[in-house]
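Chemist: Each chain, written out:
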Amino acid sequence: MHPQHALNQQMDYVHPAPVRVWHWINASGFLFLILTGFQIRYAESINLMTLSHAINLHNYVGFVVIANYFLWLSYYLGSGKIKLYIPDLRRVVGLAIRQARYYGFDFFLGRPNPHTMTAENKFNALQQQAYLVIMLVLLPAQMISGLFLWKVKGYEEYINLLGGIKVIDTIHVLLFFFFTSFLFIHCYLATLGHTPLAHFKAMFTGYENHH
Amino acid sequence: MNILTGFNLRYGLAILVLCSLSPSWAWGVENAECLECHSDESLTKESTDNILNTEITESLYVDEESFNHSIHNDNGIACVDCHADIEELNWDEELPHAATLESVCCCSCHEESAEEFKDSVHMEIRKKGVTMTCYACHGYHDVKPMEAALVSERANSVCLKCHNPAHTHDWLPAADSHFAFVECVVCHAPEVPRTINLRFYDLVTNQFLSGDQLLDTLGIEYDAFMTTVDTNGNQQIDTDEFDDLILMLKQKDVHAALRAELVAEINPLAHNIRSGSAQKDCGNCHAADSPYFNTVSILLTNADGSIERCTIDRSVLQSYYVNHFYLLGGTRVKLLDKIGLLILAGGACGAGLHLLGRILTSPIRRKKSKK
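Those protein sequence lines, which keep their order, are chains A and B. All letters in the first sequence, in the order written, are residues 913 to 1123 by this note's numbering. All letters in the second sequence, in the order written, are residues 152 to 522 by this note's numbering.
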């Protein structure tokens, strides 16, 4: 359904199809990567599958997530929508403080969200900064360190340049814990719509319902 | 009487001398005598191949330099100790010993290895008409001391002569890394004792530091190494003692990293490679409590290939001193697990506390929305 045909004027088409496809592939990929990641790191305590299966699955899903990242990148760069992620440096501090105040205080008192999600201004100041760092720094770092761990001999020179395999592993593992923790917060914050499931529905339909 | 006593004395002395010397000395054939002919690269022998019935020319050349660096020469084994059917050389003849010598039986000395080999897959292939001799893998006149050898030298000099591991390890994730850091027999002879060999690698010269270089730098002798480093005298370098060693090296302007490899000890059990018994359960190695890392040693290598082995606490494998060797799960940095737990707890608690606040303040919002 195209935004022009939105039946309800309060509905805003904020998640175009490529974004939704990317998001759900990424989400399921992350779940598999986290499960297999725990299995790989704690093989002596977790018995979901054999270690070699866990590693192979982790590798395959990792490549899906990497390919998916390029779907995201090409869509956002090609459509120019990447600017959704670029904060307005003159206003960002004030907006971020207001948004943090909302999450930490105003929300509990039923005060309105200072940010309204629209197709042109999708992210609030905190989301904008967090996603900018995640998508352009942390996720690429996780993908590159994952690639290095996948073919240690093949990338030996780069690995040595960065200080050795254990340094690469440390980056990968710390980001692994960060992304797992991020998933808790991300899923929780997604329940803060006008109903607990509103944002989840929007990520399937593309339409955000404004109340 | 005097004559008899003198004879007994001489006889007794002769027996004593013969008993105290190796057979080569007793028979009076020295390596140098053998090498008078066998150091000639053009020395060959014509024989008939008994399968194809064709004439073949065999080289009888022995590379003296290689032999002098061999483990057998290091242990004082002379030519005639193995070629034991040569009791003397008759220099009056053009060929001073028999034209055809008996096959050398390695098992005369290496009995235990031979015993283990009997049950191995390499013995089993005789049923298919393939005869594996000891020297097919190990060579003969230039058998190198292997204790100090790197994985690449161990595998290249033995298993890779026949096997191409890339064709048979499709199931193994990160196969290249395994081939680079783990000796074949660690998995293929599951009973063999294993050890982690650690060596200092000079990051400036991009070379391994030999024992001599390391000790020269520290200004101590081999004998003094452990007493200098192992300050609490428990015959093991503990992590804090290792910190001190690294500090000592840094003070001497040596910037070295530790390189590790998982190898088999030089042990007869390494010959017991049986069909289908290779270690395929990754969890045996990739677990924090894996017995594969029970023995960890720093190697101080000598120029002749011999080594001094200094035991070190296995926890050094989990440290950032050993940055170029990492087994998923097996040598993981435990500190990261604690940091990871904090990160996860932070996320879960953040969401949980917000949810709690949300539940507790829901009457306020309900009241406000009614208004």
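Do not rely on the hints blindly, as some may be mistaken.
[Unchecked claim] Cβ pair distances, simulated, as ranges:
1. A:1009 x B:506: 54 to 60 Å
2. B:510 x A:1073: 46 to 52 Å
3. A:968 x B:510: 40 to 46 Å
4. A:943 x B:510: 46 to 52 Å
5. B:497 x A:990: 44 to 50 Å
6. B:197 x A:1073: 38 to 44 Å
7. A:994 x B:497: 16 to 22 Å
8. B:398 x A:994: 26 to 32 Å
9. A:1047 x B:384: 24 to 30 Å
10. B:511 x A:992: 29 to 35 Å
11. B:384 x A:1073: 48 to 54 Å
If you are wondering where the hints come from, they were derived from the structure by calculation, not from laboratory data. Even glycine gets a Cβ: it sits at the ideal position worked out from N, Cα and C.
Chemist: Hints the structure violates: just list their numbers, smallest first.
Modeler: 1, 4, 5, 6, 7, 8, 9, 10 and 11
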